[in-house]
Amino acid sequence: MSAALPPPYAACGQLALERSDGVLAIGLDRPAKRNAIGVEMTLELESALLAAGRDAGLRAIVIYGRGGHFSAGMDMKDFFDHSERDAGLLRRARAATDNWRARLLRRLPQPVIAAVGGYCLGGALPLVECADVVLAAPDAVFGMPEINFGFVPGGPIAKSLRRALPARAASYAALTGRPFDAGQALRWGLVSRIVERGGLRDEALRLAARLARPEAAADPSPFPFLLEQART
Amino acid sequence: MADSGQAGKIPQDLRFVKTGLDEGVLTVELNRPAKRNAMSVELTWEMVRLLEAVALNDAVRVVVLCGAGDGFCAGMDIKDFFDATERDEATLRAAREAANHWRVRLLRNLPQPTIAMVHGFCFGGAFGIVEACDIAFAADDTKFALSEINFGHFPAGPVAKAISQTMTARSASYYALSGRTFDGPQAEATGFITRAFAAAELREQTYQLARELAQKDPVALEFTKQSLQHVQAMSWDAALDYNAAKFAELKSRQSGPGSRAASVASFLAGRTRPGLGTAKAGK
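Those protein sequence lines, which keep their order, are chains A and B. In our numbering, each residue carries its 1-based index in the first sequence increased by 1. In our numbering, each residue carries its 1-based index in the second sequence increased by 5.
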């Protein structure tokens, strides 16, 4: 894929963005923190998804994690630690988080493919829940660990859970905090297909390319209509 | 929850329900084995009294609901609820309402997490009990059946809603229309229960989980239950607003020692690392 990023995308420090042949690949890129979503990444995610929504030539989106994990969830420390950032920035980061997980992801006119390997925990769930197709590697570990430290999957995460999992599975995951593997995620319907680890990202990109159909780029995309039907 | 006080005292005079509290885990055993634990009028009023107390009892951290003898529960003792020779109409009507009330509201709205431990059999009205529990474990060889149709009846009271809340649409129609029995693994596949285990493992798996839950923050558990119950009907923006309000409430209810405030401080100081807890990857 080409490295050059056309406007309206902004350069990012914690997202690896690649845009070519009608496909946008969004790599969560903070491997030292298992791609935990902190203040910078959440602001970048908001701006990347805003740009994607305005990108008329964009036909498919892939979201994946760089390094060993998809994402360990929200970096709580980042969001509540006032010692390093001023209150205005933290407030803006919290608003950006709600914006991408409650609104932007749900209104994307393009199909979204999530490729999950390693940890996919807590606040990472909306990224998977909103995806139209979810590929997972056998080593994927899903879970809602909030309860393990006396916290709750808050309003929007609980809503994501109820949408992504059957009722029994949602209660079990949220109340016990026990992680579950790719096989269980497949049985519960969270995952569309299990893909061998080495080929995970490539398979997601191949699927995205097939959906993007660059040869038909001049035709109006059929996806906004299909997605509106499927996502409601 | 303030002081449990008299209102939270677990009644000790129950004849058809057996209770036992051990390290925060309250076992509630439907205890009418000669009648396959079918819910009678008396059992119904006992459950109402018991659950009203449990909701106010801080010593109870987790509830395990099970059946004495050969099975979980054979459903409603219909005859008892309609037998006008024993009780007058108004009394019977009140009893029928109470039978819905404890399953649909009292059990569902307990602040503590609830686990149904199902063995042997689970028929008809018993589906309304299992559904109202947050987690349902069952033995592989349990016989489940929505048998109402086999005697010219239909899944009444809370049962139709119970199955449509948890089962896939196809399973709910199939089992409610056919009245056919299904076993633990099939019940898990329909979504009605959380997991099925070999019969010999059921008790250990249930109590292991119950003890694990008893160690978790009770306010966070209560709020998790509430969120999962309420957010589905909210718009995304309403859910965000609800979240913000619950967040503030959580902080205010967790302000004592050993509270969330203390854990966050400890986390920010690098003394603890929240994450996967002690549980291992897997199911």
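Check each hint, because a few of them may be wrong.
Computed list of lysine-lysine pairs in DSSO-like fashion (alpha-carbon distance at most 27 Å, straight line) [unchecked claim]: (1) K84(B) to K40(B); (2) K148(B) to K166(B); (3) K78(A) to K251(B); (4) K148(B) to K40(B); (5) K84(B) to K148(B); (6) K78(A) to K256(B).
For the record, the hints were derived by calculation from the structure and aren't laboratory data.
Taking the hints in turn, this is what the structure says about them:
| no. | hint | in the structure |
| --- | --- | --- |
| 1 | K84(B) to K40(B) | 12 Å, holds |
| 2 | K148(B) to K166(B) | 20 Å, holds |
| 3 | K78(A) to K251(B) | 20 Å, holds |
| 4 | K148(B) to K40(B) | 16 Å, holds |
| 5 | K84(B) to K148(B) | 23 Å, holds |
| 6 | K78(A) to K256(B) | 16 Å, holds |
The structure meets every hint from the earlier list without exception.
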